[in-house]
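*Asks:* Here are the chains, one letter per residue:
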Amino acid sequence: MALLKIEDVTKVYEGKVTHRALNQFSFEVEKGEFLAIMGPSGSGKTTLLNLISTIDRPTSGVIELDGVNPHDLNKTELAYFRRKELGFIFQDFNLLPMLNVEENMVLPLTLDGMNVEEMQRRIDVLAQELDLTKILEKRPNEISGGQAQKTAIGRALIHRPTLILADEPTGNLDSKSTKDVLELLGRINQRENATIVMVTHDPIAASYCDRVLFIKDGEFFNEIYKDNQRQTFFQGILNVLSLLGGNVGDFTSVRLP
Amino acid sequence: MTLRQFAFRNVIRNSRVYAAFFMASISSVMVFFIYSMLMYHPRVENEFVTEIAFRGMFIAEIILVLFMLFFLFYSVRAFLEARSKEFGILMQLGMEKKQLNRLVLLEILIIGMTSVILGILFGFVFSKFFFMVVREILEIKSLALYFSWKPFALTIGTFMTLFIVISYVSIFTIKDDHVIQLIKGTQRKPEDVTFSWARAIFGMVLLVVGYVLAANATKSNLVTLAGLLPPIVTLGTYLFFTDTVQVFLKLIRKNKHVYWRKYRLLSVSEVAAMLKENARMFFISSMVSTLAFLAIGTLSSLSTFSHKYHQLNPLSLVYTSSADNPYEHRHITNLQHELQEEGLSYRLDRVVVKRQTSSKTHAPVKIISEKDLNNLAVSLGYPLVSLEKGHALFLAYSEESLKMLSKENVYTTLQESNVKLHIDSAYPKIVFPADKLGTNQIIVSDEDFKRIYAPMTGMNGTQSSSHIYIFNVPKWQDTKYVGHDLEMMINTAYAMGTEASLPFYFENTGLDYSFIRSTFALLLFIGLLAAAVFFLAAGSFIYFKLYTNLEQEKKQYETLYRMGVTKKEIRKLVNRQLIPQFFLPWAIAMVNSLFAFISLQVFWRGIADLSIMREIILVMVGVSLLQLLYFYLIRWRYLAHLKINI
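Those protein sequence lines, which keep their order, are chains A and B. Mapping of the first sequence onto this note's numbering: position 234 corresponds to residue 234, and the numbering continues sequentially without gaps. Mapping of the second sequence onto this note's numbering: position 51 corresponds to residue 1051, and the numbering continues sequentially without gaps.
Wrong hints could be hidden among the right ones.
Pairs of lysine-lysine residues, derived as BS3-like cross-links and limited to a Cα-Cα distance of at most 27 Å, are as follows [claimed, not checked]: (1) K216/A - K5/A; (2) K138/A - K179/A; (3) K1360/B - K75/A; (4) K134/A - K1262/B; (5) K1219/B - K75/A; (6) K1555/B - K75/A; (7) K1085/B - K1175/B; (8) K84/A - K1568/B; (9) K84/A - K1643/B; (10) K75/A - K5/A; (11) K1219/B - K138/A; (12) K84/A - K1360/B; (13) K1407/B - K1219/B; (14) K1175/B - K1097/B; (15) K1643/B - K16/A; (16) K84/A - K1572/B; (17) K138/A - K1555/B; (18) K75/A - K1568/B; (19) K1250/B - K1450/B; (20) K1262/B - K84/A; (21) K1250/B - K138/A; (22) K1403/B - K1360/B; (23) K1450/B - K1360/B; (24) K1555/B - K84/A; (25) K1250/B - K134/A; (26) K1250/B - K75/A; (27) K134/A - K1219/B; (28) K138/A - K1254/B; (29) K84/A - K1554/B; (30) K1567/B - K1554/B; (31) K1555/B - K1643/B; (32) K1256/B - K134/A; (33) K75/A - K1254/B; (34) K16/A - K1360/B; (35) K1567/B - K84/A; (36) K1262/B - K75/A; (37) K1450/B - K1262/B; (38) K1554/B - K16/A; (39) K138/A - K1256/B; (40) K1554/B - K138/A.
Source of the hints: derived by calculation from the structure; they are not laboratory data.
Work out the full structure: start from the sequences and follow the hints.
*Replies:* What follows is the structure, given as structure tokens:
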């Protein structure tokens, strides 16, 4: 059974210029799947992520997570839903600057009022896993981008959410950290059977996933599945991208015979 | 677009940022202007009653200007820091540092000029009202609105100088050597909060020592303490804000059972960063508040003093005459005449006072007879006494002494005349305060009184006894114009240093009362105006700080919101972030002034036997209510700004 179900979701932004960000968009995410969503700027990726993360409401259509439609809940229930079921990873980390690494990671648990021993246990395990043990006392402005993103991943994982949402998690990282972070996400996905939905621009990042979903102008464009070789998967992604992007499209027409 | 236009538009379009700052500067200009209007008032300049009050006003003006210097400097620097990104972009676009300086200078001058003009305008508009208030306080017949260039020149001169100095100084705080750093801006860099244990403990020790000393103040060490305590407590408060608070927070953070509990994690760390960043500002604001509390508290306790004045001085007009006074008869007739002219009814009593030495204490005693006291008691509506031979009563000089004396039981002999007396209680009312008859007064029976014939040792017969004429006027507040010529004679004698040889002394309770009352009321009024400005300025600074960090805070709250913190919880977090900013300096100021008042109480007990507790509590409650109101106002604005995106 699918963990996340998106059915005919449409999002229209009213305003001076009415803008249809998503148009009857449908897809499903299985439990334990690592999904990437790709598309050019303005294609509706972030809107989609905001809808899944329940901070925005669809104009029409149904979103279901583990059989629950979060948009049926009231605001407080919704907040508790996010707190329990979802984990977030952001492009610019969004760590709280006055908390140290350990405190940043433990934050979701303290909000839930868990007992300290259990929190400490989880922190120890996670810090080991993320290789953050040595910098637990450091503050976000004293650590590298890769470490910061790992901290953010720790924060997203610590309450064992049903679904992890990542918005361009490697957008601000150098290539070495990008590789680290993606391998880490892959490992978590494999070992913990965590379900991850990641929005990205970066074909390399996407190539670590099980499946890549392409979106264009708010509509489903294409999807491809991972094969045995990451290289060929990467090539496949590039091929779809070349069909997809505005400027990239111009190039392809030149290449056509 | 010229540079001038650019500067102008910058100010106009940033008006929301500047609003609170504007308000504080305008109100301070206004208060300053009103002070100067009063100071230069043609009538007021010649009034002798107001001399002290207007000296107070001058001091208040100086404090106001000094405070504004600090406040403006801090605020302007904070403005410039907040806009560093803008400056960075301007420099990247090729603006010279010189041009940038001119831009900043122009902007500050525009703000300064506007607030000076508006402040003077408001001040002038309201000055008639303030004159009316002052007129009531001083009980002057009229205090007309007048027009003179002096107050305008003083206000404009002072504040324009202030603004120009501030803008020149603050230009140097813009560092232009690294444009990139300007562009990146003053993102709050929460460097690991640093503090030293030694300083923290030292600060705590200073405060505790200061408080203990203040609480144990006695009459004898009061003067030493008055010199010693302010620096101790000031340094203590400074260290408290920079280090001690941080140590407390550190201790909380160490204990995860306490710290990792719901929002404490967030609020404690937020408060730690915020306190460190603004430690100096909080220090200044709490010291200024302490000063304001003290001013208001002291002044209102002075007005209690005047309220109690009549209780302490129940006699309206007192003419004390030594036995050999040749003018006695003439002066009394004159006084009677004047009272009749004023249309005031009165009762005149004559009291004969004799002096002797007590065998018990070897101190001089002043003695009045049962008959004289009873006459006086009838006029005052006090209970009568009836004494047998050999029996006497203490006559208390203050409420405190009344309590003590009524428990005494003494056998004594008046040495010179060898009159044996048994004194076992005190007369239940206060008739003569200490300044009229000293602290050793007794009432004896008429028989005994006659038996006192020998003059006190070291004195002749005329020095040893005196007459006191007491006029009891029911409308005692209206007697201030009676006996003016006697006052003048006494004043001249004082001025020439010959007061000891004057054979009479005259006291007018009504005049003294009106003098004390109006002086203190005016001082209180001045103090309140200044305190209002301090209060407004401190609040506006907090508001501004909040406003400049708004973007960052917003982002943080958005992250939290996404992570599943409900809006209600965010509201709570905002509360916890704001409350320490508003109430920590306030609380410290409260504690500081509370202890200051405790030692002041000692002083008051010494001179007037007066409890100032009620006034102090009133002042503190009043100021706290205002602070609470201000807190809600600013929280409301802040939440309104935050809500935009969540």
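*Asks:* Next, verify each hint and record whether it holds.
*Replies:* To see whether the hints hold, each was checked on the structure:
1. K216/A - K5/A: holds (19 Å)
2. K138/A - K179/A: Roughly 23 Å separates the two Cα atoms, so the pair holds.
3. K1360/B - K75/A: Cα-Cα ~85 Å, so violated.
4. K134/A - K1262/B: Since the Cα atoms of K134/A and K1262/B sit roughly 26 Å apart, the hinted pair holds (cutoff 27 Å).
5. K1219/B - K75/A: Between K1219/B and K75/A the Cα gap is close to 64 Å, so the pair fails against 27 Å, i.e. violated.
6. K1555/B - K75/A: At roughly 20 Å apart (the allowed maximum being 27 Å), K75/A and K1555/B satisfy the hint.
7. K1085/B - K1175/B: holds (12 Å)
8. K84/A - K1568/B: holds (17 Å)
9. K84/A - K1643/B: Distance of about 24 Å is within 27 Å: holds.
10. K75/A - K5/A: holds (21 Å)
11. K1219/B - K138/A: Violated, at about 55 Å.
12. K84/A - K1360/B: violated (87 Å)
13. K1407/B - K1219/B: holds (24 Å)
14. K1175/B - K1097/B: Status holds; Cα separation ~10 Å.
15. K1643/B - K16/A: Answer holds: K1643/B to K16/A is near 22 Å, not above 27 Å.
16. K84/A - K1572/B: holds (20 Å)
17. K138/A - K1555/B: Holds, at about 21 Å.
18. K75/A - K1568/B: holds (10 Å)
19. K1250/B - K1450/B: Roughly 79 Å separates the two Cα atoms, so the pair is violated.
20. K1262/B - K84/A: holds (15 Å)
21. K1250/B - K138/A: Status holds; Cα separation ~15 Å.
22. K1403/B - K1360/B: holds (20 Å)
23. K1450/B - K1360/B: With Cα atoms ~21 Å apart, K1450/B and K1360/B stay inside 27 Å; holds.
24. K1555/B - K84/A: Holds - the C-alpha atoms of K84/A and K1555/B are around 21 Å apart, at most 27 Å.
25. K1250/B - K134/A: holds (20 Å)
26. K1250/B - K75/A: Not OK: K1250/B and K75/A at ~35 Å, beyond 27 Å, violated.
27. K134/A - K1219/B: violated (61 Å)
28. K138/A - K1254/B: holds (15 Å)
29. K84/A - K1554/B: Status holds; Cα separation ~23 Å.
30. K1567/B - K1554/B: holds (13 Å)
31. K1555/B - K1643/B: holds (11 Å)
32. K1256/B - K134/A: holds (19 Å)
33. K75/A - K1254/B: Status violated; Cα separation ~35 Å.
34. K16/A - K1360/B: The given pair, whose Cα atoms are some 100 Å apart, is violated under the 27 Å limit.
35. K1567/B - K84/A: holds (16 Å)
36. K1262/B - K75/A: holds (19 Å)
37. K1450/B - K1262/B: violated (85 Å)
38. K1554/B - K16/A: Answer holds: K1554/B to K16/A is near 25 Å, not above 27 Å.
39. K138/A - K1256/B: Given that 27 Å is the threshold and the Cα spacing comes to 17 Å, the pair holds.
40. K1554/B - K138/A: At roughly 24 Å apart (the allowed maximum being 27 Å), K138/A and K1554/B satisfy the hint.
Figure legend: structure checked against the earlier numbered hints; hints not met, in rising order: 3, 5, 11, 12, 19, 26, 27, 33, 34 and 37.
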